[in-house]
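Chains as they are written, first to last, in my numbering: chain U, 1 to 174; chain P, 175 to 550.
FYI, nobody ran anything at the bench for these hints, they're computed from the structure. Incorrect hints may have been included.
Chain P regions said to be covered by chain U (calculated; three or more residues, Cβ under 8 Å) [to be verified]:
id	stretch
1	374-384
2	395-408
What the simulated footprint calls covered on chain P by chain U, stretch by stretch (three residues with Cβ under 8 Å from a Cβ of chain U suffice, anywhere in the stretch; the number is not a length) [to be verified]:
id	stretch
3	286-297
4	309-319
5	352-359
In this text, a Cβ means the ideal position worked out from N, Cα and C, and glycines have one as well.
Each chain is listed here by its residues.
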Amino acid sequence: MKKSRSVRLVLLGSASAALAACDNGGALPTNAQFYPTVNECIADLDAATCADAKAVADRTQAVEAPRFGQKEQCEQEFGVGNCETRQAAGSSFFMPMMMGYMMGNMMGGGRFSQPVYRGPNSTAVMPSGGRLLNVGRFDTLGAGRAAFRPAAQITPVSRGGFGSTAMNYRAAGG
Amino acid sequence: MQRLPVTPRADWRAHVERDLGFAFHTIDGSAYWDETACYRLTSAEVDAIEAATGELEQMALALVDRVVQTGEQDLERLHIPRVAWEAIAASWHSQEKNLYGRFDLAYRGEGPPKLLEYNADTPTALFEAAVVQWDWLQATSPERDQFNSIHERLIEAWANFGIGAKRVDFAAVRNHAEDIGTIEYLRDTAIQAKLETARIAIEDIGWDGQSFRDLDDRPIDVLFKLYPWEWLVGEEFGQHLLSGAAQVIEPAWKMVLSNKAALALLWEMAPDHPNLLPAFLEPGHIAGNVVRKPIYSREGANIQVLDSGRVVAETDGGYGAEGFVYQAHVEMPAFDGNYPVIGSWVIASRPSGIGIREDTTPITRDTSRFVPHFFE
Numbered sequence: 001m002k003k004s005r006s007v008r009l010v011l012l013g014s015a016s017a018a019l020a021a022c023d024n025g026g027a028l029p030t031n032a033q034f035y036p037t038v039n040e041c042i043a044d045l046d047a048a049t050c051a052d053a054k055a056v057a058d059r060t061q062a063v064e065a066p067r068f069g070q071k072e073q074c075e076q077e078f079g080v081g082n083c084e085t086r087q088a089a090g091s092s093f094f095m096p097m098m099m100g101y102m103m104g105n106m107m108g109g110g111r112f113s114q115p116v117y118r119g120p121n122s123t124a125v126m127p128s129g130g131r132l133l134n135v136g137r138f139d140t141l142g143a144g145r146a147a148f149r150p151a152a153q154i155t156p157v158s159r160g161g162f163g164s165t166a167m168n169y170r171a172a173g174g
Numbered sequence: 175m176q177r178l179p180v181t182p183r184a185d186w187r188a189h190v191e192r193d194l195g196f197a198f199h200t201i202d203g204s205a206y207w208d209e210t211a212c213y214r215l216t217s218a219e220v221d222a223i224e225a226a227t228g229e230l231e232q233m234a235l236a237l238v239d240r241v242v243q244t245g246e247q248d249l250e251r252l253h254i255p256r257v258a259w260e261a262i263a264a265s266w267h268s269q270e271k272n273l274y275g276r277f278d279l280a281y282r283g284e285g286p287p288k289l290l291e292y293n294a295d296t297p298t299a300l301f302e303a304a305v306v307q308w309d310w311l312q313a314t315s316p317e318r319d320q321f322n323s324i325h326e327r328l329i330e331a332w333a334n335f336g337i338g339a340k341r342v343d344f345a346a347v348r349n350h351a352e353d354i355g356t357i358e359y360l361r362d363t364a365i366q367a368k369l370e371t372a373r374i375a376i377e378d379i380g381w382d383g384q385s386f387r388d389l390d391d392r393p394i395d396v397l398f399k400l401y402p403w404e405w406l407v408g409e410e411f412g413q414h415l416l417s418g419a420a421q422v423i424e425p426a427w428k429m430v431l432s433n434k435a436a437l438a439l440l441w442e443m444a445p446d447h448p449n450l451l452p453a454f455l456e457p458g459h460i461a462g463n464v465v466r467k468p469i470y471s472r473e474g475a476n477i478q479v480l481d482s483g484r485v486v487a488e489t490d491g492g493y494g495a496e497g498f499v500y501q502a503h504v505e506m507p508a509f510d511g512n513y514p515v516i517g518s519w520v521i522a523s524r525p526s527g528i529g530i531r532e533d534t535t536p537i538t539r540d541t542s543r544f545v546p547h548f549f550e
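All chains should be built: construct the whole structure from the sequences, respecting the hints.
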């Protein structure tokens with residue numbers, strides 16, 4: 001037999017139409033600030049505001065952070081060493097480790113506070129609108145410490161450096 | 175080898191769109207997927223194609239090794255831009271893996287299959303071969319066999335690639351349905367091999383000074399590009415690709431094989447090999463009809479058939495600036511006025527199946543139709 005025993009599609013075809021939809025999520029308010037702990041926050045704001053925001057972020061992590069049965073599954077998504085174990089209702093699971101929290105003023109008033117996790121490749125990710133938004137990077141400082149660098153301070157990404165030749169031709173594949 | 179007229183499935187358009195996600199069965203109003211006919215091959219013919227394909231792939235890999243060893247002299251004859259030489263050698267020495275390639279063969283069921291050209295870098299017509307013709311056979315005569323384990327081999331190849339937890343970003347030109355269909359199919363097989371994947375338009379790839387970035391500014395560590403290497407290296411971000419900022423599939427060493435000057439170097443390395451046609455970088459070496467092909471070209475563009483220097487057939491296009499290769503003309507097999515070319519696939523360098531495209535002229539173009547096959 002020289003033909004495939006079975007040909008199953010997971011992305012193309014009827015089973016997968018729902019996967020195509022995907023939006024880019026919300027953008028981060030420009031005044032947002034990252035704090036690893038309440039102590040750093042108190043330098044900028046009053047203690048009660050800082051503690052409240054931390055409590056909101058802690059609760060969001062506990063309730064909304066993705067949960068994984070196996071450490072490996074969590075690390076595949078968030079990177080090796082970036083997951084912690086938790087227990088709830090007698091069972092244990094893994095979730096991304098909270099590196100601190102991001103707080104700021106929302107457009108149209110009100111304050112937001114969200115947990116910030118360490119993602120793969122030293123990225124800093126924050127839940128936003130049902131998905132994880134890349135908000136910056138954690139640069140390793142040694143001895144297990146990490147410094148947050150907001151996305152705005154990272155060299156702006158330039159685009160359009162590929163694809164110009166294709167305009168002269170009908171197809172890139174053949 | 176025979177061409178048989180067959181009755182198309184009554185609802186095939188709706189079926190392939192809905193169940194297979196096959197969006198480009200009709201291109202610019204003309205049929206591309208064509209199940210009004212099929213090719214019947216014998217088991218011996220399939221064996222001949224499979225053996226020839228395996229041998230051609232081994233010769234191709236030997237040629238890469240030879241070119242990397244020889245260096246400047248061969249690389250210049252291949253018209254490979256100097257900026258890419260180091261990356262080609264580095265990718266070969268570090269044994270970077272390759273995923274796939276398609277040998278286009280002239281074969282009529284007798285005599286050895288002859289290599290017309292090797293699409294080593296950006297071959298398409300993959301989904302049609304791997305999935306759509308398989309699905310056609312299962313629906314019409316499931317008891318029959320087909321030279322086609324492309325799907326299984328792709329999943330196996332991804333699993334063996336050593337990519338691990340890294341995400342693979344699949345890039346093609348924006349708004350090209352056929353190319354996007356091809357990368358979406360490849361993504362499908364990568365997902366089945368448990369890889370994390372994403373899709374991006376080649377135009378949207380970002381560069382932050384250290385690494386390539388997707389539209390969410392996530393780093394791109396592994397890039398599958400359905401976009402020719404020789405184009406990439408000439409564009410603004412090409413230098414970053416050559417300096418190894420991402421693992422690229424196909425690897426840089428495929429540049430040795432993806433240009434048609436390689437046909438002349440293959441002939442030089444293995445003269446009189448039964449699966450090769452005489453090919454030279456200069457005119458005048460071949461008696462009889464000659465086909466002149468641009469060193470870089472796609473989809474049958476800018477081909478001339480010459481009889482003692484006189485043009486007897488020609489296609490247009492925008493290629494040819496880098497020069498030409500001259501290949502002995504082979505009489506293409508004709509079945510009821512159709513000229514089939516056998517696209518013989520290697521997946522991770524293993525012969526894995528065929529897809530037959532036919533045209534109403536002896537030069538296969540982007541107007542060709544894909545016709546399914548079976549063997550017994």
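Evaluation of the provided hints:
no., hint, in the structure
1, 374-384, "holds (count 10)"
2, 395-408, "holds (count 7)"
3, 286-297, "holds (count 3)"
4, 309-319, "holds (count 3)"
5, 352-359, "holds (count 5)"
No hint from the list above goes unmet by this structure.
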